[in-house]
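K.L.:
Protein chains in written order, with my numbering: chain A, 31 to 246; chain B, 31 to 246; chain C, 31 to 246; chain D, 31 to 246.
None of these hints come from the bench; they were simulated from the model. Please note that a few of the clues may not be correct.
What the hints assert, rightly or not - Covered stretches of chain C (in silico footprint by chain D; criterion: 3 or more residues with CB under 8 Å from a CB of chain D, positions within the stretch not fixed):
#, region
1, 50–61
2, 99–113
3, 190–200
As the list claims (entries may be wrong) - Listed below are the simulated DSBU-like cross-link pairs for lysine-lysine, each with C-alpha atoms no more than 35 Å apart in a straight line:
#, chain 1, residue 1, chain 2, residue 2
4, A, Lys68, C, Lys71
5, B, Lys118, A, Lys68
6, B, Lys71, D, Lys71
Stated by the list, open to error - The following label-pair restraints were derived from C-beta to C-beta distances:
#, chain 1, residue 1, chain 2, residue 2, range
7, D, Leu232, A, Pro189, 18 to 24 Å
8, D, Arg181, C, Lys196, 43 to 49 Å
9, A, Ala218, B, Leu204, 22 to 28 Å
The beta carbon of each residue, even a glycine, is placed where N, CA and C say it ideally should be.
Number of protein chains: 4
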Amino acid sequence: MTASSHSEGGQGLGKQRIEALSDAIFAFAMTLLVLDVKIPKVAEALVTQEFLIQTLLDLWPKFVSFVMSFVILGMFWVAHHGYSHFLKRTDRPFLWINLLFLMVVVFVPFSTDFLGDYPRQRIASLVYGCNIMALGLTLYWQWAYATTGHRLVGSHIEPRLVRKGKQRILMGVLTICAAMLLSFVNPALSLIVYVLFPIAYLQPSQIDLHWTHAHD
Amino acid sequence: MTASSHSEGGQGLGKQRIEALSDAIFAFAMTLLVLDVKIPKVAEALVTQEFLIQTLLDLWPKFVSFVMSFVILGMFWVAHHGYSHFLKRTDRPFLWINLLFLMVVVFVPFSTDFLGDYPRQRIASLVYGCNIMALGLTLYWQWAYATTGHRLVGSHIEPRLVRKGKQRILMGVLTICAAMLLSFVNPALSLIVYVLFPIAYLQPSQIDLHWTHAHD
Amino acid sequence: MTASSHSEGGQGLGKQRIEALSDAIFAFAMTLLVLDVKIPKVAEALVTQEFLIQTLLDLWPKFVSFVMSFVILGMFWVAHHGYSHFLKRTDRPFLWINLLFLMVVVFVPFSTDFLGDYPRQRIASLVYGCNIMALGLTLYWQWAYATTGHRLVGSHIEPRLVRKGKQRILMGVLTICAAMLLSFVNPALSLIVYVLFPIAYLQPSQIDLHWTHAHD
Amino acid sequence: MTASSHSEGGQGLGKQRIEALSDAIFAFAMTLLVLDVKIPKVAEALVTQEFLIQTLLDLWPKFVSFVMSFVILGMFWVAHHGYSHFLKRTDRPFLWINLLFLMVVVFVPFSTDFLGDYPRQRIASLVYGCNIMALGLTLYWQWAYATTGHRLVGSHIEPRLVRKGKQRILMGVLTICAAMLLSFVNPALSLIVYVLFPIAYLQPSQIDLHWTHAHD
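Please take these sequences and the hints and turn them into a complete structure.
P.N.:
Below, the structure is given as structure tokens:
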């Protein structure tokens with residue numbers, strides 16, 4: 031920890047507390063998602079096994095949107111995590127871009143709830159898509175701000191790695207754009223893309239590979 | 031901290047931030063449990079001492095399921111804690127298995143609420159059992175993934191210890207399986223098993239013992 | 031950090047993650063308190079300035095119980111904080127006593143809400159008192175467990191300090207007991223004690239003094 | 031970390047845990063803000079695209095107050111962060127001033143919700159203004175307490191820097207005062223000031239500059 035702490039403790043606002051706030055906000059936003067999955071309380075005398083099973087089954091859009099948003103937020107947490115590994119210092123503008131990013135994160139439970147309530151409505155699908163796209167764009171902004179002229183990253187970071195990192199985010203943004211356009215054909219189609227696109231990010235990125243090589 | 035930080039900071043995604051996210055999600059899920067224990071607000075002029083006492087007493091399934099889930103989540107937090115102590119590095123698949131585990135954790139307030147509302151319904155008991163079983167299975171997956179071929183743990187870790195760790199989880203999963211089968215006889219029986227089985231985990235495991243020996 | 035980290039990383043379950051979980055649970059429980067302070071939403075055309083002011087004023091029991099519980103939880107957080115400073119190691123029973131303590135912490139938003147809804151009812155006052163008393167008793171248990179035979183604390187800790195720490199907690203528990211008895215005369219009296227007793231804990235304890243001397 | 035950890039671990043109550051509690055409470059309060067932005071659930075057969083769009087548009091005061099409060103809390107988090115960087119030790123009174131500050135932070139979701147529900151009512155605007163002013167005053171108190179006679183900060187800190195830090199907070203408090211007075215003319219005017227004043231704090235303060243110079 032010696033080397034990294036040295037640079038963290040000294041220059042600009044501490045990276046550790048930014049990470050602490052980010053982790054806590056991600057954790058809450060991910061946990062809040064479940065608050066909207068609710069089974070109505072009915073007097074126990076009136077309730078039947080069939081009624082409860084039917085109610086559970088009717089909640090499927092809620093379950094799907096819960097899992098989808100949890101995975102997407104998890105994906106962005108992993109990405110945020112990966113990029114912040116390269117930060118050597120922070121400054122006030124970066125802090126504010128990060129807060130903007132976190133504001134978009136906090137908004138995800140709202141758009142997830144909206145989509146879970148109205149899975150067949152185009153407007154719900156578009157609001158959700160905008161939310162995810164904003165996640166991508168603010169993350170891109172962070173990474174671009176930090177790396178331009180090696181502003182907040184070490185001088186030894188390769189330009190190829192920076193470019194790969196940007197491309198990886200932009201590809202996600204473009205996929206979401208396409209999904210939003212598909213919602214004008216049929217909102218169900220955009221839902222399918224939202225569910226499937228995180229799978230592309232399960233595999234390790236160039237950034238991870240570089241990383242492993244550098245330190246092993 | 032020198033030795034462990036060295037390996038954490040360097041290889042793969044930082045263990046510390048994974049722990050921070052996990053701790054926050056556990057803390058939040060454990061706190062959310064209390065949100066569903068509610069006493070209805072009645073105009074104070076109409077309310078009587080007897081009415082309030084009766085309302086409190088009628089909440090017993092809520093109190094029981096709150097305590098039960100808090101203890102079970104606490105138990106899994108302790109276990110997660112114990113296993114992650116052995117991690118020397120992390121990688122992207124491990125991160126995703128951990129996120130899957132956390133998704134199951136976040137689901138516990140939902141199934142607890144469901145069970146607290148309908149303690150005599152088999153379906154509520156089964157949903158709760160599935161949730162706890164999924165906790166066990168995803169924790170097992172983490173541990174198995176991390177230890178296979180010493181992928182993420184140190185090379186000095188004994189095979190006996192790895193096996194013991196797996197058995198300890200599987201025994202819990204099997205107990206929950208049995209409890210779920212019992213719910214077909216009577217849902218109350220499965221409740222009793224859910225309440226009692228954490229007691230078996232109060233005693234220190236082989237893992238703790240090894241640990242203490244190794245460092246004392 | 032070198033000396034303390036050495037003992038933390040090595041023996042038993044890490045003190046740092048226990049503190050992280052405790053801090054997060056305290057933070058959530060303290061924040062959840064505000065969720066129950068709500069002004070009803072009325073159509074804006076019908077609403078008047080007088081109505082809103084009256085509604086705010088009618089919320090006074092909610093405000094009082096919010097502030098009271100926030101201060102009491104803050105006081106216990108400070109105390110928990112102070113005691114855990116002396117811990118040199120942890121073990122599984124300690125972890126479970128701590129989880130029990132945290133379960134009582136999580137229960138505070140429930141009993142606060144109950145007291146805020148029915149400030150003139152004895153039963154609400156008693157439930158609240160039991161909750162605070164349980165906080166004191168579980169904290170006492172932790173401290174007694176950790177210090178008996180220097181189980182989890184350093185061998186240089188003075189018996190006088192241990193005794194002072196216990197007395198300080200027990201005095202609070204006795205005060206709450208007295209407040210609960212007073213509620214049989216008039217619930218308002220016990221409320222007054224609940225509000226006032228944290229003031230006694232604002233002044234530094236023997237523990238803090240010892241501490242400052244030891245390190246200055 | 032060596033130098034700063036040395037002073038943290040040793041004297042008074044640990045700065046790190048105070049920061050951990052503060053970060054978690056900030057994160058939670060910032061996330062709770064979104065809970066009040068809700069679209070009502072209507073049976074899907076009856077819902078139309080136009081109805082949903084209209085409902086979203088009608089939520090504009092909720093969106094504005096959400097963004098405003100998120101930015102203001104973010105601003106105070108940055109400020110809290112900046113000041114605590116200079117702390118060399120803590121003591122019990124400081125801990126309590128910090129808890130008071132956090133209590134005001136926790137109150138923000140309440141006053142935001144109130145303002146979002148009744149954006150045209152003077153009382154809502156005044157309550158919100160008082161909340162933000164209390165944030166400023168408790169932060170001022172912290173900083174004044176810590177720096178008076180170099181009580182909790184290092185002896186090398188310049189008096190000019192301390193004075194600048196105080197002025198920066200007081201300017202914000204005065205701005206909010208002015209906004210509250212404007213609400214007697216028209217509540218909409220005070221809203222505009224609440225939205226605009228954080229912009230002044232986007233630019234780096236003297237404190238940041240000093241900081242960067244000192245360590246670069």
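K.L.:
Decide, hint by hint, whether the structure agrees.
P.N.:
Comparing the hints with the structure gives:
Look at the region 50–61 of chain C against chain D: 8 of its residues bring a Cβ nearer than 8 Å to a Cβ of that chain, three or more, so the hint holds. Evaluation of the coverage hint for the region 99–113 of chain C: fulfilled, as 7 residues show C-beta separations to chain D shorter than 8 Å, against a requirement of three. Counting residues of the region 190–200 of chain C whose C-beta lies closer than 8 Å to any C-beta of chain D gives 0; at least three are required, and the coverage claim is violated. With a C-alpha separation of about 22 Å, the suggested pair Lys68 (chain A) and Lys71 (chain C) falls inside the 35 Å cut-off, and the hint holds.
This hinted pair does not check out: Lys118 (chain B) and Lys68 (chain A) have alpha carbons roughly 40 Å apart, beyond 35 Å. With a C-alpha separation of about 23 Å, the suggested pairing of Lys71 (chain B) with Lys71 (chain D) holds against the 35 Å cut-off. Judged by the Cβ atoms, the range 18 to 24 Å given for Leu232 (chain D) and Pro189 (chain A) is violated: they are separated by roughly 30 Å. Our hint of 43 to 49 Å for Arg181 (chain D) and Lys196 (chain C) is violated, since their Cβ atoms are close to 31 Å apart.
Our hint of 22 to 28 Å for Ala218 (chain A) and Leu204 (chain B) is violated, since their Cβ atoms are close to 40 Å apart.
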